[in-house]
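Working from the sequences, and respecting the hints, build out all of it.
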Amino acid sequence: MKNYEKIAVTPCAGIGQVFGAITREAAYKLVEELYPENTVLVCLPALATGVQEDIDFINDYPVLVLNGCKDRCATKAVLDKGGKIDFEVYLPDVLREEKLSLAGEKRSRLGERSRKAIDALADRAAKIIKENVRVSEKAV
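Remember, our numbering sits 1319 above the position in the sequence shown when you count from 1.
To be clear, the hints were calculated from the coordinates, so they are not data collected in a lab. Just to be clear, a hint being listed does not mean it is correct.
Taking lysine to aspartate or glutamate pairs in the DMTMM-like style, the calculated list, with each CA pair at most 20 Å apart, reads [what the hints assert, rightly or not]: (1) Lys1435 to Glu1351; (2) Lys1446 to Asp1405; (3) Lys1395 to Glu1372; (4) Lys1400 to Asp1390; (5) Lys1449 to Glu1352; (6) Lys1446 to Glu1416; (7) Lys1435 to Glu1416; (8) Lys1325 to Asp1405; (9) Lys1449 to Asp1405; (10) Lys1389 to Glu1407; (11) Lys1348 to Glu1407; (12) Lys1348 to Asp1442.
For each label pair, taking beta carbons as the anchor points, the in silico distance ranges come out as [said to hold, decoys possible]: (13) Asp1390 to Gly1369: 17 to 27 Å; (14) Asn1322 to Gly1430: 34 to 44 Å; (15) Gly1423 to Gly1401: 31 to 41 Å; (16) Glu1416 to Gly1369: 34 to 44 Å; (17) Asp1375 to Leu1419: 26 to 36 Å; (18) Glu1352 to Glu1450: 12 to 22 Å; (19) Gln1371 to Glu1416: 33 to 43 Å; (20) Leu1398 to Gln1336: 19 to 29 Å; (21) Asp1442 to Glu1356: 13 to 23 Å.
Just so you know, even glycine gets a beta-carbon here, dropped at the ideal spot from N, CA and C.
The following block contains the structure:
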């Protein structure tokens, strides 16, 4: 495909849950390390409160949401602000498919299980980015 210059990566907030911390860390890995030239990071609380920059991101670029649980708050916030979901990676699916468990993990201190989940989620999302953006020379 390779139709897009950038993708707006939108992780869930997951307030009080380890899922939100995992989706945010995966998003940081995508935006800061793997594809800094080809992604923008949507801040979910900023989007929900109407910060124009984040609204512009979901209107100007295709949206990749990283949802952490069945509430799918990232999807709901994007749709609520008039955006559309182009791609989704759903953490429970990744955990199930990769046979990963988060038992005993805490959002305040991510352990080895969370790190594996972050990497698996980021890898799944990276495939979507790689297939759909014209990756710049600087990107991995």
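### Message
To test your reading of the hints: which numbers does this structure violate?
### Response
none
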